[in-house]
Amino acid sequence: MWKTRVTKLWQMSKWFVGGGVLSILFYDNIGYVHTVRGKSMAPTLNPGPTRALLRERVWLSKLPYTPHVGDIVVFRSPKHGSKLAMKRIAAVGGETIVPSKVVKSGASAVTIKPGYVWVEADNRDTAGRDSNEYGQLHEKMIVGKVTWLLWPWARIQDLRKTQSPHAVSPQTQSLDESERTELVTESQTS
Amino acid sequence: MQTAMVHGKRVVNFLNKKKREISYAVIGASLGTYFITSRIVTTAVVAGQSMTPTFNKNSIKSRVLVDLITPVTKVKQDDIILAHDPEESDEYIVKRVTALAGQFVEVDEDCGGAYTRKYAYQGKLTVPTGYCWVEGDNKSKSHDSREFGPLPLGLIKGRVLFTLWS
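In order, the protein sequence lines correspond to chains S and G. Take 1 as the starting number for the first sequence in the numbering used here and just add one per residue. Take 1001 as the starting number for the second sequence in the numbering used here and just add one per residue.
For reference, chain G alone in the conformation it holds in the complex:
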């Protein structure tokens, strides 16, 4: 009788210890994952057609890997970046950096077929310090710096590394 009770107690202690270990592992893994996705790399799903054919070919949304570590000052021309949307505070945009601060940009009218598209930022301008110029790869369907002007570097979250799958 007594042996059974001692044995029972040992089993309960063992189970409690395992429960604790599992809780620690779950908490550790959650914090670790949160740390990695907020500071190191994260994934993003690209919406819309502004970056075809680089992303979202055939209307399948691409999932990309975003590097969050590289400092914003190291962003180079032709990098694709993930940034806060300058027009919708809670949204993000994925565009390509076509000009850096100090560089010259010339925005032409888009003479596509039946109509001429006039851009808000038309003509010639120099990108001011602290900003960059972004455009989507699909020029006719992209709402980008030609409409909302230079993008402040401070809004950039990270560089898009590659497509995980599309």
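Just chain S, same shape as in the assembly:
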């Protein structure tokens, strides 16, 4: 008696169950739309007004990923195990980097351990909350790579082609901070 009931229930719901499983598999392995919170990635990504519909949304790719410098990634925050954060990778395992917050005091370089990365906010005015504060980030904390800005429509762009506004080309590295800023401003206006 109950066997026919169960069969009937399955007949009716198998499409929902199947669809649900496929959606979750897609979400876990292909990607999903992620909402940008916070100003730490301005001006590349602005949260804008806090009204939900106007917040910027990006495509977060969950395809197999190897960290590269310049990638914008979403990762589990080392400060709050359950919250997600979004920053740009400034250095990967094996590389050495001078942390941006310490550049004025002429500070020590940090060598990134294999399996770790160094992330920094595009917006240098925000109070830490990147590797300058919590140090190297373990690769497996990375949830996915941000590929496209999808919303608002007017700002649609391929974010993979963007660079940190503070990225310096090799020939400017020997100059001091003030000369470097001049050069960057020049190239922006030319």
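Please keep in mind that the hints were generated in silico from the structure rather than gathered at the bench. Be aware that a few hints might be false.
Now the stretches of chain G that chain S is said to cover, found in silico as 3 or more residues with beta-carbon under 8 Å [said to hold, decoys possible]:
#: 1; region: 1019 to 1033
#: 2; region: 1056 to 1063
#: 3; region: 1149 to 1155
For each residue, glycine too, the CB sits at the ideal point set by N, CA and C.
Since the structure of chain S is already known, use the hints to place chain G on it.
Frame of chain S; chain G shown alone:
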């Protein structure tokens, strides 16, 4: 003659239909299994001696069931967890959570017999928010938070529920 041909065609159609049904079943089962083992529960084989006698007693590797659903914020003290190895990105570790964020940990030297083992994280410290402190049950043979420091909660994959067989 004609009846034989019609009958033959019916048999072929029947076989094709069965082949299709079997393919759907195989694909459905594969996706279903993948879904379950990536999101709900999975099994893991415990390597090494760091968790004896809880696991791997008598050098037989224990196979355990891991719960992947419970959110990382609900991890409690004394839970055994499966996590990404903080030192080897592609490896995993199975350890017990001995302290949570905000709790106090005191790491003493291990005075075992002929030598004194000094730990990287010696002395007293408070576990920072977003982290936990893990140690193996076999204190003398475990490479854990006493060596690599607090473990970020984000590296935890799930809680070990029980041993399937050992």
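Against the structure, the hints:
1. 1019 to 1033: holds (count 3)
2. 1056 to 1063: This one is violated; 0 residues, fewer than the three required, reach chain S with a Cβ under 8 Å.
3. 1149 to 1155: holds (count 4)
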